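Residue numbers (this note's numbering), protein chains in the order written: chain A, -3 to 473; chain B, 4 to 208.
No wet-lab data here; the hints were simulated from the structure.
Quick caveat: nothing in here was measured; it's all calculated off a predicted structure.
Glycine residues also receive a C-beta, built at the ideal position from the N, C-alpha and C atoms.
Incorrect hints may have been included.
Just so you have them, the derived chain B footprint on chain A, three or more residues with Cβ under 8 Å [as the list claims (entries may be wrong)]:
1) 53 to 64
2) 160 to 174
3) 225 to 235
4) 356 to 368
5) 408 to 415
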Amino acid sequence: MLWLCITLPQLPLEALQCEQSERPTLVTVLAGSVRSVVCCNPAAERVGLKPEMNFTTALAILPEAIALERRLSAEQAALERLATWAYQFSGTVILGEIFNDLQRARSTALWLEIGASLRLFGGFRKLIEQLETELRKLSYSYQLGIAPTLEGSALLARTGVRVAITTVAALRARVETVSVNRLNLDPWIPQQLQTVGVQTVGMLVALPRDGVAKRFGPEVCNYLDRLVGAAPDPRPTYRLPPQYQARFEFEAEIHSTEALLFPLRRMLREFVGFLRARDTGVQTFTLRFIHRDTVATVLNIGLSMPDRNSDRFLALARERLEHAALPSASVALELSAEEFAMPTGLHIDMLSGATEQSEELGHTIDRLVARLGETQVHGVKAVAEHRPEDSWATADPQDTRQHLDFPDRPLWLLPEPKPIQLSGMPALTGAERIESGWWDGGDVRRDYFIARTQQGSTLWIYKDLSDGSWHLHGFWS
Amino acid sequence: MSLARAEKLEQLARLCRNGREGPPPRVEPSGSANLDAVLPGGGWQAGTVVELMPVSDGIGELRLLMPALAKITHSERHVAMIAPPYIPFAPALLRHGLRLEHFWIIRAQSAADILWSAEQTLRCKSFGAVLAWPQAIRDREVRRLQLAAETGDSIGFVYRPPSAARESSPAAVRLRLQTDAAGQLNIDVVKCRGARAGMSLAIAG
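Kindly generate the complete structure, drawing on both the sequences and the hints.
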């Protein structure tokens, strides 16, 4: 087993907002009667604010800092979305615990077994490169560690050791010098160890086991064993759900469409990670914008063919969103998909160029429909009807295959026949009587003519035989 | 025109492309030998925008394109009409030989939606020709359509009011359409890249 650990030091903040704010922002938590800083964004760090700082101190330094309340449910949701995403790189994904305590709030972790994936991705460097590229697009801060044990890889990630350690022996040697502060233990234990002069992992391991167990509890020895691979570390693996269901709770109400695009973009990328993991695509997915005081706005995004491209998903969702006019601000966003189908485009290499072309047609039609509405994009077909206005219909171009014979007809038809006055006596040609429709109430008796105007236009006009009135019905353009 | 004299980026791009090995741009014969003789490349050339300025509706402004459009719909490619002023009448389209499975109507309403739709379809390689009726169009937007047509290797036909003939435009070909005394379609070549403008020719209807 070779574990890649991703730790998410800024998760308490990044689970609440995914765009980098230029305004100093803190996530705080109340423990007992003291409010403390859990983590802060780069803008806040630049003015000297630090995690674990007392909130009162932080406010004294920077009164205008924006303070958000830590929300464990948002962190759990983000971690699960990320685990689903991570499946594209590994068949075994393990979720870390979200720690309540201040000291470990920034060490939430996710593990991927990568020993089995290395060959698939073409080696170590390629796998890591691809993973980091995708991970950065999700706009999470992260650290990576690679080691043969779960706790070992997590420890390397937390200490920022960007070296892949592949054997237990190398791992043992490597952790000797690490400070006991970095260990994933209840925070009081490292403090106690340091007061008695035990600074490094090497020094701790050298102590008699019985004594350590008696003084700090058996959990410490057990943890050290798991760290260096001396004891097994079985944990439940995260199971890929059969259907996709993700939720993003916002730290504050989001009013503008533009601002909604940040969480939407991240969610769609995570969603595409899931689709890659399942080796499939979707033809429809659903976005639910949750409002505080009114029913959720549901947008069903449909595609003309299965796909798994987050940029295209975003473009479609964005068009729909801009025309949707949300009734009020959103407090959360949910993305779900139930039916999956292999994207046809993925087989392009093997098939002819025609597939590629029809695929691009589908994407273009999807974009047009998303922006203009479904009824505004269509084809036309001929219908076997005598009345000219009924001898055509809108249709899906795929359903227009007809073998109908028509007399000569003008290329332009007016949506409604327009009453006209015939001034003088224009030359009329091409007389054609059209009578039909008495059986379905659309009784029509007309004499059609071709008339030419002085400007050179050729008109299709008719005399209504019921009342003698003249109408313009089309242009011979 | 030499490289140094290429004033605009698009001209430069075209020059660079011409210098390379590559297939010549696709050309659809217009169906009229008179007109083909005038048009650059000998027909409607892919990757260009053609402006058509009929003096009024119903003078043959659509019929002029029908041979090329019919041919395109019988290839792998499609034809789109964006915001046509009237209903393209299916029985007539069939008589002109159009394959309706490859024919789309995009009923965009606003000026912005019309230009956006034209750009999207032109850029898409699945469309061989796009006909658009914008409410108004500025030089910058014609250039955008021009680039989209180059990207998608398609032909953009933009219908404009006759008054537009007095203004300049970056479109490759600009034709004013009217009828002569006998009712035949008459084409004034307002502009024609790579050829002499100011010609006038009659097309038998």
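Right, here's what the structure says about each hint:
1. 53 to 64: violated (count 0)
2. 160 to 174: Result for this restraint: violated, n = 0.
3. 225 to 235: violated (count 0)
4. 356 to 368: With 9 residues closer than 8 Å to chain B, the stretch 356 to 368 of chain A meets the three-residue bar; holds.
5. 408 to 415: holds (count 4)
Hint check: violations occur at hints 1, 2, 3; the rest are consistent with the structure.
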